[in-house]
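*Asks:* Single-letter residue listing:
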Amino acid sequence: MAPAVLIMTLVTFYPLINSFLISLRAWDLTKPQSGFPFIGLANYLHVLQDPAFWQSARITAIFVLGAVSIEITLGVALALLLNRDFKGKNLVRVIALVPWAIPAVVNGIMWKWILNPAYGALNGVLFSMGIIQNYIIWLGNPKTALFMCILADTWKETPFIMLLFLAALQTIPKDLYEAAMVDGCGSLQSLFRITLPLIRPTLFVALSLRTIWALKSFDLIYTLTAGGPAGGTSVIGYYTYLKAFVSLNLGRGAAVAYLMTLVIIILVILYQRALYREDINQ
Amino acid sequence: MKKAADFFRFSPASHSNHKIQNLIQRIILYLLVFMILFAVLAPFIWMVISSISPQTELSAKPPHWFPDQPTLARYRAIFLRSSEIQTLPAGVEKFLRGLLNSLLISSATTLVCVIAGSMAAYALARMTVPGQRHFLFGILGSQMLPVIVIIIPLNILMQRYNLIDRWYGLVLLYSGFMLPTVIWIMHSYFLTLPKELEEAALIDGCTRLGSLVRVIVPLSGPGIVAVSAFSFLSSWNEFFMALIFTASKAKTITVVITEFSSQFGTDYGLMATGGVIGSIPPILLALLLQRYIVAGLTAGAVKG
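Residue numbers (my numbering), protein chains in the order written: chain A, 1 to 282; chain B, 283 to 586.
Calculated from the structure, these hints are not laboratory results.
Backbone N, C-alpha and C define an ideal beta-carbon position, used for all residues, glycine too.
Hints are not guaranteed to be accurate.
Stated by the list, open to error - No farther apart than 25 Å at their CA atoms in a straight line, the calculated lysine to any residue pairs in the SDA-like style are these:
| # | chain 1 | residue 1 | chain 2 | residue 2 |
| --- | --- | --- | --- | --- |
| 1 | A | 89 | B | 312 |
| 2 | A | 87 | A | 31 |
| 3 | B | 477 | B | 529 |
| 4 | B | 301 | A | 31 |
| 5 | A | 31 | B | 313 |
| 6 | A | 87 | B | 302 |
| 7 | A | 174 | B | 477 |
To be verified - Residues on chain B that point at chain A, a partial pick, calculated with CB under 10 Å:
| # | residue |
| --- | --- |
| 8 | 314 |
| 9 | 336 |
| 10 | 348 |
| 11 | 349 |
| 12 | 360 |
| 13 | 362 |
| 14 | 405 |
| 15 | 416 |
| 16 | 434 |
| 17 | 438 |
| 18 | 476 |
| 19 | 500 |
| 20 | 504 |
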């Protein structure tokens, strides 16, 4: 056990504390001559007063809300659909792993090419089908750019979520549905009374993991839009990167990172409360 | 035309209606399945097609869905350093080195994770360690941590110990970040193995470590395969830490691929080729080991 503890202490627990201490200091690499004095919560105050921070927070909220709700809904729907018996079921499952396996940066450049305004496949398809009259600059407008980031994220993450739910669906005994049918339950009723309650633990895991990962999004944004246009896709992860590694203000970067962690912890607790409420009451 | 026998059935009309309904349902199901497969594969296939399209066909309007003259020139330029296309040879050289770096870093990380992770998970599953529960929750919590929270002190640490732009620096970081998940999966796996097996081994004169190596490891094959695949894939695909902590020597494939898109901004063909090559190892691994990966990664989730 010792080696694992040693490595984890070195690369996670120790830096975690250290990071908090840095966030309390004026640690600006562009002004090394001033030293790194302790300034209390000034970094946090500065960040909370920065309009760009709030814009990032808003963009992150839209991105996370959009991506996670689409991915979970679609994932559950696809799992319900594919939970029937049909030929090639295993093939579908194998192929569903492809988006999950490719690196996020490859996903980014792949969609950048598909969305290319002049030669991209999306404009090509839509134009050939007569849906659009002019080629659209998908990543040139903050709103469509953010939507395309959500689309690219959905493409990569949904299939794996579907696999998670498929595994969960298979643990539900079939006779439960038969009993429900005998009692006169419709298929919609069995969905809400049997299926969804029984896959609740998986729902919790998928929701919290996806939310955390979406909040941390960086690779996709970095390659697909680089935060642009006009900061329109600059999620919190990207904003932190800019503060810490482009503006080289480590103290403020650490403060933003801590604010982000706080939000993640609160969200996970809220999810857990919401999804396990009945279990707690028992 | 109804067969005579049908007249003796309780309700022949609704019977054949039911059959047709069933057939329509199946057709719709297969159509939907086909659409899903298309949606999953089309973007990736388009990248593959782009990587073998000649430059002139890449800028065709509307796009050529399949190139008239497919070419492997870009692949040859990367692997054989042939100079039939006018891309910068420096970029091509970086690419091969990035591939080798990724291979080395991912394999070493996998090795560290599996060995250190199994030992820790075994200890947690079989012995009473003080603060065990806190430790397990700490592990779970650290999975939620955004890398970016600790990237700044890590940067200072890496600089102090001269680990920046070193392959073993990344191995250390990746191991630290993946160990929690590895320990978590292996821990739940070890708990499913009966204790009596090792007790028998201990009676027969095996040491703790001996019984781990001789009895438990051979039985944990599927768990170890899942965890190895996970560690290898995650380190192969990692980008953020590689971007921050490498400069030239230890650059991994994901970092090199993004440089393709910025340095050779207009060369989408080379970008697509880089994307395809960088995705082949993780895709192959995922396809070959899919049974173990899905079982391993969903086990924890489904159990809650």
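*Asks:* Decide, hint by hint, whether the structure agrees.
*Replies:* Verification of the supplied hints:
Of the supplied pair hints, the one linking residue 89 of chain A and residue 312 of chain B holds, its CA atoms being roughly 10 Å apart against a limit of 25 Å. Only pairs whose Cα atoms come within 25 Å are accepted, and residue 87 of chain A paired with residue 31 of chain A is rejected, the gap being roughly 65 Å. Our distance criterion of 25 Å between C-alpha atoms is broken by residue 477 of chain B and residue 529 of chain B, whose separation comes to about 49 Å. Only pairs whose Cα atoms come within 25 Å are accepted, and residue 301 of chain B paired with residue 31 of chain A is rejected, the gap being roughly 78 Å.
Distance check on the hinted pair: residue 31 of chain A and residue 313 of chain B sit about 62 Å apart at the alpha-carbon level, beyond 25 Å; violated. A threshold of 25 Å between alpha carbons decides the hint, and for residue 87 of chain A with residue 302 of chain B the separation of about 19 Å falls inside it, so the pair holds. Between the alpha carbons of residue 174 of chain A and residue 477 of chain B the distance comes to roughly 33 Å, so the proposed pair goes past 25 Å and is violated. Because the closest C-beta pair between residue 314 of chain B and chain A is about 6 Å apart, less than 10 Å, the hint holds.
The restraint placing residue 336 of chain B at the interface with chain A is violated, with a minimum CB-CB distance near 13 Å, outside the 10 Å limit. For residue 348 of chain B, the shortest C-beta to C-beta distance to chain A is roughly 12 Å, which exceeds 10 Å, and the interface hint is violated. At a threshold of 10 Å, the smallest CB-CB gap from residue 349 of chain B to chain A is about 13 Å, leaving the interface hint violated. Annotation: interface hint on residue 360 of chain B violated; nearest CB of chain A at approximately 15 Å, more than 10 Å.
Interface hint status for residue 362 of chain B: violated, as the beta-carbon distance to the closest one in chain A is roughly 22 Å, over 10 Å. For residue 405 of chain B, the suggested interface contact is upheld, since its CB lies about 4 Å from the closest CB of chain A, less than 10 Å. Among the interface hints, the one on residue 416 of chain B is violated; its C-beta lies about 12 Å from the nearest C-beta in chain A, farther than the 10 Å criterion. With its C-beta approaching chain A no nearer than about 5 Å, residue 434 of chain B sits inside the 10 Å limit, and its interface hint holds.
Proximity of residue 438 of chain B to chain A holds as hinted, the smallest CB-CB distance being about 8 Å (cut-off 10 Å). For residue 476 of chain B, the interface hint is violated, the least distance from its beta-carbon to any beta-carbon of chain A being 22 Å, above 10 Å. At a threshold of 10 Å, the smallest CB-CB gap from residue 500 of chain B to chain A is about 21 Å, leaving the interface hint violated. A hinted interface residue such as residue 504 of chain B counts as satisfied when its beta carbon comes closer than 10 Å to some beta carbon of chain A; here the least separation is about 15 Å, so the hint is violated.
Hints 2, 3, 4, 5, 7, 9, 10, 11, 12, 13, 15, 18, 19 and 20 from the list above are not met by this structure, while the remaining hints are.
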